Each structure stands twice: as structure tokens, then as C-alpha cells.
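There are 2 protein chains.
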Amino acid sequence: MIQIQLTERQEKIIEIVKANEPITSENIAKALKLTRATLRPDLAILTMSGILDARPKVGYFYTGKTSLSFISEKIQQIKVADRKSLPVVIDEETSIYDGIVTLFLEDVSSIFVTSKGCLVGVVSRKDFLKNAIGGLNLSKTPIGVIMTRMPNVIVTTPDESILDAAMKLIEHEIDSLPVVEEITLEDGSLAYKVVGRITKTTITRLFVELGNDG
Amino acid sequence: MIQIQLTERQEKIIEIVKANEPITSENIAKALKLTRATLRPDLAILTMSGILDARPKVGYFYTGKTSLSFISEKIQQIKVADRKSLPVVIDEETSIYDGIVTLFLEDVSSIFVTSKGCLVGVVSRKDFLKNAIGGLNLSKTPIGVIMTRMPNVIVTTPDESILDAAMKLIEHEIDSLPVVEEITLEDGSLAYKVVGRITKTTITRLFVELGNDG
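Residue numbers (full-length UniProt numbering), protein chains in the order written: chain X, 1 to 214; chain R, 1 to 214.
You can take every hint at face value.
Cβ-Cβ distance ranges computed for the label pairs, FRET-style:
(1) X:Glu15 with R:Asp187: 53 to 61 Å
(2) R:Asn20 with X:Glu8: 26 to 34 Å
(3) X:Arg36 with R:Val195: 50 to 58 Å
Because the hints were derived from the structure by calculation, they are not lab data.
Here the structure is a predicted model, which is why all the values come from computation and not from measurement.
Just so it is clear, CB atoms sit at the ideal spot from N, CA and C, and this is done for glycine as well.
Chain X extracted, bound-state conformation:
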């Protein structure tokens, strides 16, 4: 993919097509007082880029595409599976204190809580801080007591786009999403296995890569 700064003449052609579609190249040339041959490279660029659509014997149409939609196409192609990092998971019987120690050892902002290997909740640095000054006995209280519990946990899946995952982080004002896969338990009920993690750090790192690439 290459990117091109439009010339003034090309911008004018877009305006003419917008106002008169469908319009033939002959009539565009007339409007600009130029020959069709002069316009040929401009029209080639505008149709190749998808800004104009050319239909034989009808003329040119404006497609409504603008520049930024192409950056968004690039971003929308990236999947959660391509960027997820390793999750930090502890059992719901673990004490809050041990949860905090894990948080520091692993240097993460959230911990995913499981029971029999399946996701039951999430605890963030914020949850820990609130309870650390709240007078609870941190060594004797299980982490399950303070976690955000399923089904209130916002999750993502490996095949979701990274853009949708980023939108969940913003919309729900959270720092981290567990990446989950659905599994069927012996009793036939559905549950989530945690297979990864997407955080605002994931998105910031991706932004830096996009900005530095090339």
C-alpha cells in the first residue's frame, strides 16, 4: 500500500464528480478546460485509490472514501490473537496479600481469578489499593471476596479485532481484558479458559510500532 497527497487539481475533480455524478471524463475535462489526456493520470489515481468509481459508458461516481479510512483498515486487520500477552492467573482461594505479591512479582495491573481452571473474576491494582486501606485482614481474606465477579467481567476472544478490544478498554474504563476461549464442562455448562491478556500497554506498544514502522 502506498499513500499519496492529492493535488489541487485532483481535489477539484472530486468536487466536480461529487456534484455531477455520474459524469464522463469528457465532461470533467470540459469543466476544467483541460484535455482528457491531461486528466488521465489524475483519474487513474482517483479510481485506483477507490475515491472514484468508473463505470463503462456511464461515467465516474464518488465512493465516499476518505483518507483516514485506510489507516483504519490497517488497524482493523490486527487480531487479539496477534498481540495478546501471557495472562497472570491465581485461584480464588488465594489470599489478597498473596495476590498483591503476585501483582508486584509479575508487574501487571490486573490479575485474573480462576476456580477449577475457569475464569471467575478479575482484580485490578485499584481493587487491591481500595481494600489495602480498608481494614480487611489481607492475609486471611481470599481474593474471591474483592474481585469483580463473572458475568460482570469484560472479556475478549482471540479472533476479535484489537480495535474492538481497545474500544472495550475505553468504554468500560478498565486497564486489562482477559482473552478467553469457551469450553464445555462435564455437566454441559459453558465456561471460559483464560488464554491471554490485552492491556492499555498492549495498545500503546502497537501504536509505537505503527508510528515507527517503515
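Following the hints, position chain R against chain X.
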């Protein structure tokens, strides 16, 4: 800016120019067994996009530009000043406990600490959590005791690119940067005034906008 998927013929032209630069359009046409007129739109696209450079009476050169560098140009144009949010600032004499309360009331991940209005340090949610379980008297200990102190605070300025700010967040493994302006104190020494804040949330929100735009 528009973006274009190169055709097979355009890719071939690039290969020919790479191998034979400088080369005239006549010789490119010969190599492809096509007329110069046929190639005109292709050469127009390749020079307008900056992939090829044309010098009169010499011929075409390959510039070495590739596709992704254009997304990065878009990202590199965005300044810290365009995206900074309001900073949350407290005085270094404030107690740690009041700092934590401010953190929750303002719902931020870091607080900037000032003395006489000038930046002297930063305290993160992580710093607070570490000290909340560390046995300090939170109500009686000033926040200045636990903060990361200048000159160890990583800062950004309004005219820095948001990409450079994002790189600082990743490189130094921090969640937040104070946006500062340099001021001269009465005694002639330099100090920082805090005028904003850039966080991983800023970057994630920008990423979402770029991905949804158009």
C-alpha cells in the same frame, strides 16, 4: 492523503528502476514491451507517492520509501499539546492517605506532586499500594516521602510528538507522563510547571479514533 494498492505492473516498474537507476521512461517501457503512453499513469502514481523520483533529462530513481512509513507520518504529526488531558496535582506536604483519596476521586493512575507550584515528583497507584501494605502511618506521612523524585521523573512537553511520548511510556514502563513547561524562578534557576498529562489511556483512545475514523 489517499492510499493505493500497487498493481503487479507498478511493482515490476519499481523492480526495474531499482536495478537500473537512473532509467528513462522510454527504457522502462522497452523493458516491459509497452508504450510510454501506457506507462504514464503508473509513473505518475509512483512519483506522486514518492516511491520514485524523476529528474528531467536523467530518468527515474528509487527513493526507498515503503508503504507503512506513511501511516507513521500520520501518527508522527500528532503533538502532545493536541491530546493532553488535565493533570491531577497535589502538594508534597499532603498525606499519603489524602493522596490515595485524591487518586480515587479523580480516577487517575498517577498523581503529580508539586512544591510552590513546581513539579517535584510523581506517585503512581503502584507506589501507593506498595506503601499501603508496608506498615507506614498513611495519615501522618507526607506524600513526598514515597514519591519518585526529580530529576528521576520522566516528562514530556506540549511540542513533543505523541509518538515520542508513547515511546517514553513503553521504555520506562510507566503509566503516565506529566506534560511540563519550563519556567525561570526568581533566583534564576529553572523549574517545571505541570500543564497536562499523557497516559496509556490517552494513547489507547487515540488508537481507537484512528481505527474508527473514516
